[in-house]
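Based on the sequences and whatever the hints tell you, model everything.
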Amino acid sequence: MPEDILYILLFVVSLAIGFGTQAYINSQYRKYDKLPVSSGMTGAQVARRMLDAYGLVHIPVQMIPGKLTDNFDPRSNVISLSEAVFNGRSVSATAIACHECGHAVQHAQAYAPAAFRRVLWPLVNIASNLWLIALFIGIALSFVGLIWVAVIMYALVLLFQLVTLPVEFNASKRAIAYVGMGGYLPDQEYRGTRKVLSAAALTYVAGALISAIQLLRLLGMANRR
Numbered sequence: 005m006p007e008d009i010l011y012i013l014l015f016v017v018s019l020a021i022g023f024g025t026q027a028y029i030n031s032q033y034r035k036y037d038k039l040p041v042s043s044g045m046t047g048a049q050v051a052r053r054m055l056d057a058y059g060l061v062h063i064p065v066q067m068i069p070g071k072l073t074d075n076f077d078p079r080s081n082v083i084s085l086s087e088a089v090f091n092g093r094s095v096s097a098t099a100i101a102c103h104e105c106g107h108a109v110q111h112a113q114a115y116a117p118a119a120f121r122r123v124l125w126p127l128v129n130i131a132s133n134l135w136l137i138a139l140f141i142g143i144a145l146s147f148v149g150l151i152w153v154a155v156i157m158y159a160l161v162l163l164f165q166l167v168t169l170p171v172e173f174n175a176s177k178r179a180i181a182y183v184g185m186g187g188y189l190p191d192q193e194y195r196g197t198r199k200v201l202s203a204a205a206l207t208y209v210a211g212a213l214i215s216a217i218q219l220l221r222l223l224g225m226a227n228r229r
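Residue numbers for the sequence shown follow our numbering, so the first one is 5 and each next one is one higher.
In short, the hints are calculated from the structure, not lab data. Note that the coordinates shown come from a computational prediction; the quantities given were computed from them, not determined experimentally. Here a beta-carbon is modelled for each residue, glycine too, at the ideal position from N, C-alpha and C. Hints are supplied without guarantee of correctness; some may be wrong.
Beta-carbon label-pair distances, calculated as ranges [what the hints assert, rightly or not]:
{"no.": "1", "residue 1": "Lys-35", "residue 2": "Asp-56", "range": "25 to 35 angstroms"}
{"no.": "2", "residue 1": "Val-17", "residue 2": "Asn-81", "range": "32 to 42 angstroms"}
{"no.": "3", "residue 1": "Asn-91", "residue 2": "Asn-30", "range": "16 to 26 angstroms"}
Here you go:
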């Protein structure tokens with residue numbers, strides 16, 4: 005019974021971390037989405053300028069649907085920005101656009117953690133889709149070995165999230181360094197960029213923490229059986 009209470013508490017803590025982090029990120033994004041950049045440049049224009057500054061003139065910047073769907077795809081070498089960021093002239097749009105460009109610079113410079121994450125991804129993609137199935141079957145058939153397989157697969161997912169942390173932090177660091185060069189943004193806009201990117205980084209920290217809590221629950225379940 006005490007263990008059951010502990011697992012319930014861990015689950016509640018996970019939910020609180022998830023909802024709290026998301027609420028904070030959304031509030032920071034909305035706040036600085038209302039603050040226009042004095043340069044009047046769109047996220048797409050800022051991204052193009054940053055890429056060109058690093059000699060990445062061959063990488064295109066395209067618009068994609070959705071909200072905060074912005075990404076850099078190392079396979080196609082393309083920066084994709086959501087419509088609000090692509091056309092936005094706000095501090096939030098500038099911060100997110102430069103962050104994605106930071107990933108492109110990582111790829112061009114063979115940043116080791118990013119390269120390791122790409123190696124892990126195929127295995128993690130399989131593990132993330134199968135661990136829950138393995139767990140349910142292991143519990144239904146009282147097959148402890150299969151439960152441990154599920155635990156190992158979930159641990160691989162957590163490892164991927166931990167490797168993602170330095171990758172995301174470094175991309176934001178590159179973005180902040182770029183917008184800070186030569187007073188590219190006034191102080192208020194520069195501080196806003198830092199706050200938006202710091203809030204976004206919490207997404208990955210919270211995700212890793214929640215996964216770590218979930219892994220503890222799975223380990224307890226496997227040990228009890």
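Hint check:
no., hint, in the structure
1, Lys-35 with Asp-56: 25 to 35 angstroms, "30 angstroms, holds"
2, Val-17 with Asn-81: 32 to 42 angstroms, "40 angstroms, holds"
3, Asn-91 with Asn-30: 16 to 26 angstroms, "20 angstroms, holds"
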